[in-house]
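Residues per chain, in single letters:
Number of protein chains: 2
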Amino acid sequence: MHVWVPYEEFVADVEQLAPDVQVAVYTGRDGVPADVGSVDFFVAPYATTAEALGVTNRMPELRVMQLLSAGYEHALPFLPSGVALCNARGVHDASTAELAVALMLASLRRIPRFVRAQDKHSWAPGQFDALADKHVLIVGYGSIGEAIDRRLRPFETTITRVARTPRPDDDVRGVEELPTLLPQADIVVMVTPLTPQTKGMVNAEFIRRMKHGALLVNVARGAVVDTSALLVALEEERIRAALDVTDPEPLPTDHPLWDAPGLLISPHVGGNTSAFLPRARRLVREQVARFANNAPLENIVVLGTR
Amino acid sequence: MHVWVPYEEFVADVEQLAPDVQVAVYTGRDGVPADVGSVDFFVAPYATTAEALGVTNRMPELRVMQLLSAGYEHALPFLPSGVALCNARGVHDASTAELAVALMLASLRRIPRFVRAQDKHSWAPGQFDALADKHVLIVGYGSIGEAIDRRLRPFETTITRVARTPRPDDDVRGVEELPTLLPQADIVVMVTPLTPQTKGMVNAEFIRRMKHGALLVNVARGAVVDTSALLVALEEERIRAALDVTDPEPLPTDHPLWDAPGLLISPHVGGNTSAFLPRARRLVREQVARFANNAPLENIVVLGTR
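Protein chains in written order, with the numbering used here: chain D, 199 to 504; chain R, 199 to 504.
Errors might be hidden in some of the hints.
Copies of one chain are not kept apart here, so a pair can be met inside one copy or by any two copies together.
To be verified - Straight-line distance between alpha carbons at most 20 Å, and here's what the computed SDA-like set of lysine to any residue pairs gives:
no.	residue 1	residue 2
1	Lys409	Thr246
2	Lys318	Glu433
3	Lys318	Pro446
4	Lys409	Ala268
5	Lys397	Asp233
6	Lys318	Asp452
7	Lys318	Leu429
8	Lys409	Leu379
9	Lys397	Pro323
10	Lys318	Glu447
11	Lys409	Thr378
12	Lys397	Gly420
13	Lys318	Thr451
14	Lys318	Pro450
15	Lys318	Pro459
16	Lys318	Pro448
17	Lys318	Ala487
18	Lys318	His333
19	Lys409	Ser472
20	Lys318	His466
21	Lys318	His453
22	Lys409	Thr356
23	Lys397	Asn491
Everything labelled a hint here was simulated from the structure, so no lab data went into it.
Starting from the given sequences, assemble the full structure and let the hints guide the process.
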C-alpha cells in the first residue's frame with residue numbers, strides 16, 4: 199500500500215496504521231516521489247495548483263483521491279476513472295463557524311470602530327448592540343451551518359435554520375420560506391454551497407426584505423451575494439455586512455466595497471487557521487485506516503468515470 | 199406602595215404587579231417626582247451621579263434601594279439605615295460574557311489587522327489562530343465567569359476555572375494554583391471583582407508565567423492589571439492582550455498603551471448594550487413583585503446601618 203500525504207506531520211500517523219504501508223510526502227511544490235506508479239491512496243495538497251493535481255495521470259494504481267477541502271470541483275478534471283474522490287467535509291467546520299460568529303460579534307459589538315478609535319488614541323464609549331436577544335437566520339444548514347448554530351445557542355439568541363430541502367424533524371425550513379423569514383431576522387448568515395440556485399441569491403429583492411439595520415454575514419462564497427445590490431444597500435445604510443468572501447475575489451484595490459459604510463471585510467480566512475491541521479490529520483488517519491481495513495470510506499463525493 | 203423607576207419602559211410592568219402601586223420615573227437628570235416622601239422601593243438610575251442618589255435623604259419611607267449595576271460601593275453613602283440595598287447581579291452577564299468572547303475571537307482571528315487592511319484597500323490573507331483547541335483560563339468564576347464558560351464550550355476549547363475559593367464539585371480551582379495553571383493557558387480571562395487581593399494581580403510575575411504568545415483578556419476592572427508590567431510584555435511581544443477596562447480609565451490621549459503591539463482596546467463597553475434594558479426590566483419586575491408579595495428579595499448586598 200502506497201500513500202502520499204502533503205505534510206510531514208502526517209507521515210508517522212499513517213505509517214502506524216498498517217505494517218506494509220509506504221508513505222511519501224508530496225507537497226505539489228517540490229519533486230514527485232519515486233513510487234508514483236504504485237500510489238493507491240493520494241491525499242492531495244491543500245489549496246494547490248492544477249499542475250500539482252495533474253500528477254494523477256501518472257498513478258495507474260490509484261484507488262482514492264482524498265482532498266483537504268470541502269469543495270471538489272477543481273479536482274474533477276484530474277480524477278481517473280474508477281477512483282473515489284473524497285472531500286474534507288467537517289475539517290473546516292470549526293474554523294469557518296468560528297469566523298462566522300467572530301464576524302457577527304465584531305460587527306455588533308463595534309470592534310472595527312474601536313480599532314479605528316485606538317489608532318486615534320480616542321476613548322469613545324457608547325451603547326451598542328449585543329448578540330444576546332438577536333434573531334439569527336442561518337441560510338444553508340449543512341455541517342458548517344450546524345456548527346454555527348451550536349456556537350450561537352449559549353449566546354441567548356433565537357435561531358432559524360434554512361436549507362434547500364425542509365427537514366421538519368431538525369427544525370430546518372425550506373428556502374421557499376425565505377421571503378417571510380427574512381423580515382424577522384436581525385442577522386442573516388449565508389453558508390450555502392455555490393450552485394446555480396445560490397449564485398446571486400442575496401440580490402436586491404432579498405436585501406429589501408431584510409430588517410432595517412440587520413447584519414448580513416457571508417462565509418459561503420462571494421458570488422452568493424450580488425455585490426452591486428449589496429453596495430447600494432450599504433451606501434444607503436439600510437443594512438450592515440461582514441464578508442469573508444467577496445465577488446470579485448481578491449477584491450481589487452479600487453473596488454468601492456472597501457469603503458462601504460457598516461462593512462467589515464476579512465480576506466477569505468474562514469478555513470485556514472490553526473484548527474485546520476489537527477482536523478485534517480485526524481481525517482487522513484481515519485480514511486487511510488478504513489482503506490487499509492477494507493472498510494467503507496467516508497465523504498465519497500464522486501467516483502471517477504473519466 | 200410607591201415605586202420609582204429610571205425608565206419609562208418600566209412603568210407599565212410595575213403598575214401591573216399590584217392594584218395599589220404608584221409608579222413615578224426618576225432619571226436623576228430631570229425633576230424629583232412629587233411623592234418623594236412616600237417612596238418605599240427606589241430603582242436607582244444606572245451610571246448616575248452622587249447628587250442623583252442623594253435623593254434618598256428625602257425618602258423617610260424607603261425600604262429598598264435597587265441598583266442596576268453589579269457594583270454597589272458608590273451607593274453605600276446614600277443608603278439610609280434599615281434599607282436593603284440590592285444589586286443587579288446577572289443583568290450584565292450576557293453582555294459582558296459576550297464581549298469577553300468577542301475580544302478573544304477578534305484578537306485570535308485578527309479582526310483588527312483586517313480592519314486596518316480594509317482601510318488601506320489591502321486583501322492580505324494568511325494563516326492565523328483559531329479559538330478551537332485553545333486552553334482558556336477563566337480567573338474569577340462568579341456569574342459572569344460561568345456565562346463566559348457556557349459560551350466558550352461549543353468552540354472546542356479546554357476551560358480551566360479559577361476562583362478565590364476552590365469548589366471541587368464545580369471543577370473550580372483556587373487562586374493559589376495560578377502559578378502552575380498559567381503556563382498551560384493560551385488565553386487568560388480576568389473577570390474578578392476589584393478587591394485588595396485582586397488589585398495588581400496581573401503583575402510582572404503573573405505575566406512571566408504566561409505562555410509565550412498567549413492572550414490576556416480583561417473584562418474585570420482596569421486595576422486588576424499592572425499597566426506598566428503589561429506594557430513591558432506587549433512591547434517585547436511576549437503576550438497579546440484585549441482590554442475592555444484600563445488603568446487609568448479613560449485612557450489619556452498620550453498614554454503609551456494605545457500604540458502597544460498586539461493590543462485591542464474597547465472603551466469599557468462590556469455591560470452597556472442592547473442586552474441591558476430587557477434584563478434590567480425583568481429584574482425590576484421580579485424584585486417589585488417579591489416586595490409586593492412580602493417574599494424575600496434577591497441580590498441583597500447590604501442592609502443600611504447609617
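Now the hints, each set against the structure:
1. Lys409 to Thr246: For Lys409 and Thr246, neither the intra-copy (40 Å) nor the inter-copy (33 Å) Cα distance is at most 20 Å.
2. Lys318 to Glu433: between (25 Å within a copy, 19 Å between copies)
3. Lys318 to Pro446: So Lys318 and Pro446 pass the 20 Å test across copies only (17 Å; inside, 31 Å).
4. Lys409 to Ala268: neither (32 Å within a copy, 33 Å between copies)
5. Lys397 to Asp233: neither (42 Å within a copy, 64 Å between copies)
6. Lys318 to Asp452: For Lys318 and Asp452, the Cα distance is within 20 Å only across copies (10 Å; inside one copy 25 Å).
7. Lys318 to Leu429: Result: close only across copies, 18 Å inter versus 27 Å intra.
8. Lys409 to Leu379: within (10 Å within a copy, 46 Å between copies)
9. Lys397 to Pro323: The answer is neither: 40 Å in one copy and 24 Å across copies each exceed 20 Å.
10. Lys318 to Glu447: Close across copies (16 Å), not inside one copy (30 Å); limit 20 Å.
11. Lys409 to Thr378: Within one copy only: 11 Å inside, 50 Å across.
12. Lys397 to Gly420: Only inside one copy: Lys397 and Gly420 sit 9 Å apart there, 48 Å across copies, limit 20 Å.
13. Lys318 to Thr451: between (24 Å within a copy, 8 Å between copies)
14. Lys318 to Pro450: between (27 Å within a copy, 11 Å between copies)
15. Lys318 to Pro459: Both. Shortest intra-copy (19 Å) and inter-copy (15 Å) distances satisfy the 20 Å Cα cut-off.
16. Lys318 to Pro448: between (28 Å within a copy, 14 Å between copies)
17. Lys318 to Ala487: The answer is neither: 55 Å in one copy and 48 Å across copies each exceed 20 Å.
18. Lys318 to His333: Neither. Shortest intra-copy (34 Å) and inter-copy (33 Å) distances fail the 20 Å Cα cut-off.
19. Lys409 to Ser472: between (35 Å within a copy, 17 Å between copies)
20. Lys318 to His466: between (28 Å within a copy, 17 Å between copies)
21. Lys318 to His453: Classified as between: cross-chain Cα gap 12 Å, same-chain 25 Å, threshold 20 Å.
22. Lys409 to Thr356: Answer is within; shortest intra-copy Cα gap is 15 Å, inter-copy 37 Å.
23. Lys397 to Asn491: neither (41 Å within a copy, 59 Å between copies)
Comparing the model with each numbered hint stated earlier shows that hints 1, 4, 5, 9, 17, 18 and 23 do not hold.
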